[in-house]
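Asker: Construct all of the structure, not just a fragment, from the sequences and the given hints.
Protein chains: 2
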Amino acid sequence: MKIKVIKDILSANKQIAERNRRLLDSNGVFALNLMSSPGAGKTSLIIETIKRLRGKVRIGVIEGDISSSLDAEKISKERVPVIQINTGGECHLDANMTSPALDNLSLGEIDLLLIENIGNLVCPAEFELGEHKKVLLLSIPEGDDKPYKYPLMFHIADVVLINKIDLLPYLEFDLEGFSRAVKRINQNTEIFQISCTTGQGIEAWISWLVTNMHHPAH
Amino acid sequence: MKIKVIKDILSANKQIAERNRRLLDSNGVFALNLMSSPGAGKTSLIIETIKRLRGKVRIGVIEGDISSSLDAEKISKERVPVIQINTGGECHLDANMTSPALDNLSLGEIDLLLIENIGNLVCPAEFELGEHKKVLLLSIPEGDDKPYKYPLMFHIADVVLINKIDLLPYLEFDLEGFSRAVKRINQNTEIFQISCTTGQGIEAWISWLVTNMHHPAH
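First to last, the protein sequences are chains A and B.
If you read the first sequence in this note's numbering, its first letter stands for residue 45, the second for the next number, and so on.
If you read the second sequence in this note's numbering, its first letter stands for residue 45, the second for the next number, and so on.
Calculated from the structure, these hints are not laboratory results.
Incorrect hints may have been included.
No copy labels: a pair is met if it fits in one copy or bridges any two.
[To be verified] Straight line, CA to CA, 20 angstroms or less: simulated SDA-like cross-link-like pairs of lysine to any residue:
(1) K51 x E134
(2) K51 x S120
(3) K118 x G221
(4) K118 x F236
(5) K118 x D210
(6) K118 x S143
(7) K51 x E153
(8) K118 x D218
(9) K227 x S112
Answerer: Below, the structure is given as structure tokens:
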């Protein structure tokens with residue numbers, strides 16, 4: 045019975061996600077769903093991405109948080125349109141919450157929409173929002189065992205960014221073993237090592253992003 | 045309607061949690077519910093705690109994971125009884141999952157039960173398991189804004205451990221501002237700075253633990 049309910053929720057979500065995606069497509073907006081643990085660096089990645097693409101790509105942001113608007117305030121300083129979604133306790137965004145946020149953005153004036161999900165490696169993996177690609181951010185201090193512990197998240201990720209790579213000298217993290225584990229779960233995912241602090245690897249990420257925006261293949 | 049369902053789930057959970065707590069009490073077991081983001085160091089804290097209390101306190105462990113048993117294997121090397129709960133996708137432990145795990149431990153041979161919850165700062169805060177105290181582990185790399193973003197978790201925590209304090213020189217983290225924010229949400233919580241890598245602050249944590257075991261005040 046419980047499984048039935050969950051399936052119905054997911055199936056209803058999928059329908060709304062498809063409607064969101066059609067709305068984005070009809071406005072020529074390429075959308076990313078950014079997922080990670082709390083504090084892995086989603087907001088920093090968004091700010092770095094805005095800075096690198098300023099004047100080239102028109103960016104909009106949807107910020108998902110349980111109750112605060114701290115990250116939306118940080119991002120609005122970059123002078124891009126930001127809509128805050130407060131889930132009021134829910135541990136993930138879903139397509140239904142995303143829909144009114146889309147209605148509140150001027151989609152015709154946006155090329156790239158960055159959606160920052162709730163910091164959580166579990167439930168966000170189950171709910172499509174209408175995005176074109178799913179970005180998973182994992183940071184060095186979290187440890188290299190995460191693919192084993194949160195396999196669904198790695199299974200659905202189109203790209204995995206290993207953030208805070210500048211902390212590698214201070215921590216034990218087996219980069220090769222991690223990448224092998226990720227590829228075993230999802231051989232199509234791409235992996236980049238980045239640091240939003242030092243800028244390492246950000247060019248490669250931006251290049252992936254721009255390439256996918258122009259050849260979305262979805 | 046939806047809220048009604050959630051309330052019923054939480055109220056049913058609370059009843060089972062109380063039954064679990066009575067079972068623990070009748071066996072003289074003091075139980076902790078350890079919660080954190082993925083990779084904040086719950087398993088390392090459990091291992092440090094076992095090492096410091098070996099020969100003095102008989103410890104048992106319940107390991108919550110979505111699908112793997114990596115952490116349970118690490119902990120079983122410390123020669124303590126470990127029960128693995130795999131939630132099969134659920135992002136938190138609940139009292140109902142905890143109950144059969146308790147039945148599979150020889151509670152009469154345990155003084156202290158450490159329950160490692162799923163790595164998640166959201167939903168675990170809503171589900172009591174039958175524990176006597178709630179321990180929230182937050183690590184320096186996650187950033188000092190977490191009390192604003194996950195207020196319920198800080199609201200319910202009896203103790204907040206700031207782990208990976210050895211990484212402070214490499215990261216921006218406002219310890220005073222963080223502690224002020226925590227105290228604003230929950231003035232009764234105690235805060236310790238620790239490092240499971242260097243051992244810093246572990247004595248203070250062990251001292252808190254032993255004091256609370258003997259004067260549980262629950």
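Asker: None of the hints should be skipped; say for each whether it holds.
Answerer: A quick look at each hint next to the structure:
1. K51 x E134: both (18 angstroms within a copy, 14 angstroms between copies)
2. K51 x S120: neither (37 angstroms within a copy, 36 angstroms between copies)
3. K118 x G221: between (35 angstroms within a copy, 18 angstroms between copies)
4. K118 x F236: neither (25 angstroms within a copy, 29 angstroms between copies)
5. K118 x D210: Neither: 23 angstroms inside a chain and 27 angstroms across chains, both beyond 20 angstroms.
6. K118 x S143: neither (23 angstroms within a copy, 44 angstroms between copies)
7. K51 x E153: neither (36 angstroms within a copy, 42 angstroms between copies)
8. K118 x D218: between (33 angstroms within a copy, 17 angstroms between copies)
9. K227 x S112: Result: close only across copies, 17 angstroms inter versus 35 angstroms intra.
Hint check: violations occur at hints 2, 4, 5, 6, 7; the rest are consistent with the structure.
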